[in-house]
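There are 2 protein chains.
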Amino acid sequence: MKTFLDCIPCLVRQALDAARRVSPDESLHERIVRDVLQYAAAMDLQPSPPVLAQRIHRRLRQMSGLRDPYRAAKARQTEMGWAMLPELETQLAAAVDPLTAAARMAIAGNVIDLGASPAVTASDIRRTLQSALSAPFKGDADGFRRAVDGARSILYLADNAGELVFDRLLVAQLPHGRVTVAVRGAPVINDATLADARAAGLNEMATLIDNGSDAPGTLLDDCTPAFRERFDQADLVIAKGQGNYESLNGENKPIYYLFTVKCPVIAQRVGQPPGTQLLMPSRRMGSRSTIPTSTGDEP
Amino acid sequence: MKTFLDCIPCLVRQALDAARRVSPDESLHERIVRDVLQYAAAMDLQPSPPVLAQRIHRRLRQMSGLRDPYRAAKARQTEMGWAMLPELETQLAAAVDPLTAAARMAIAGNVIDLGASPAVTASDIRRTLQSALSAPFKGDADGFRRAVDGARSILYLADNAGELVFDRLLVAQLPHGRVTVAVRGAPVINDATLADARAAGLNEMATLIDNGSDAPGTLLDDCTPAFRERFDQADLVIAKGQGNYESLNGENKPIYYLFTVKCPVIAQRVGQPPGTQLLMPSRRMGSRSTIPTSTGDEP
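Chains as they are written, first to last, in my numbering: chain A, 1 to 299; chain B, 1 to 299.
Worth flagging that the hints you see were computed from the coordinates, not collected in a lab. Keep in mind it's a predicted model, so treat the numbers as computed, not measured. Positions of the beta carbon are idealized from the N, C-alpha and C atoms, including for glycine. Check each hint, because a few of them may be wrong.
Some chain A residues judged to face chain B by a derived CB distance under 7 Å, without partners named [stated by the list, open to error]: (1) 13; (2) 29; (3) 33; (4) 34.
Next up, chain A with everything else stripped away, as it sits in the complex (with noise of 0.2 Å):
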């Protein structure tokens, strides 16, 4: 989809944010600044939101000379996981419908995007993942099982590093042997990167591959041909997160979006409130559920 008048307030103002939790220092926040400002003046909307993010997150690693600000973060994030990961096994152990509610479980830890500040505590995200469990949830569950079973070879797109611990509950109801897990190829904001998939274990339940770009998505003229090469064969591809729907969206693919629904301009696109949880298959699954298929990329 294209970048929206809308996304571009949004943006800065992330921006701004990521400048602070990388570095104290006030001037390195007012160049990032005025620097997204000079850019999105002039940029080209066409491009999906990530296009301007993946400069925006280059800049600031650029100007702050860390090359991967987010390190920190994210392996805290991994190891709040891991201590929660227990308590939703036992849970899912108890599920009627495991692949589902395995689903929910990945799209639910969608929400501790949030982890990536210091501030936040396993309790916060206990609390957070909680609460999105029970969170609104749109999802064509019946489809999504139809899609899996008859897929020969998955590609699961990975989105940030502190849900993979989440994302394991799901591959693990997914056909052993058949799913490709990928993940960013450098690192840009809290994204999953290779290392993060191996503090996470995903590299002893899948092949797992990075898609050779830091676009906080997957702009797949910004992806190693390998990983094009390997999203060209795969009969189902699931893609978390917001980003990754953001460029995405559009492609003539079978493809299962997971996310929670962030901001407003994704909410009128999928017609959907913020904060619920999306199971949407793309155009070319087609459905029967009640749910609407992604709307490809008019608006």
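Starting from the known structure of chain A, arrange chain B on it as the hints suggest.
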């Protein structure tokens, strides 16, 4: 006070909202957003937020070709204000301390900034106003009474058109013959102009002047010499709204600021949460109350 980095994305968002209110033309929305981004990328942050807001709304009027885009909204607000006046006068007649009660009503009126939206109805405003009247109030009521009693000349700086009818209640409590009400010199957003003040009947209660400026605040350098003379000569300035606070804070002058805290930057500055109704003396006033005086222009 200076413009904080946090103010910039907020002002970009406000520019987009304003452009959408003024015109359905999406290319105009995009042009105004790009214009603000480009200007903000290089702007001096020392002047107060109303300086950027002034520029945004000048450009919006130029680009849309509308001299007073909010005229209809302001007229509707004033009409709604008149409809609510009898019930507020009844409440006021029963008040033990009418000066403070009228000040609270005038401050509460400051929340109906939203009234510029066509969707806002009289019952929305009534509800907003009633909840504002019971909102947390931090006020130096005793100091305010002393300042009012001791002043031979009072300059009352109005804010939005929609609250002028509520300002009547407070002006009526001030010493007759000593009050000058000042409004903006030209239309900007839904701020009060001479026409709005006359529609609220303030010309029958006080001397009415305009400040010659089209900023949504009081930028003294941008005001007419006649206004500045009134400002200099006043024993007491009563300044309504956040814009007047942002632009006058730091002036060495006896001022009482009456406003609803509307954003996190101001909340942090005044040490009170958003939504608080403030009756706050400038540092020059001194105070024996429990609320801090305005901090001057040091962050």
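- Message: Check the structure against each numbered hint from earlier and tell me which ones fail, lowest number first.
- Response: none
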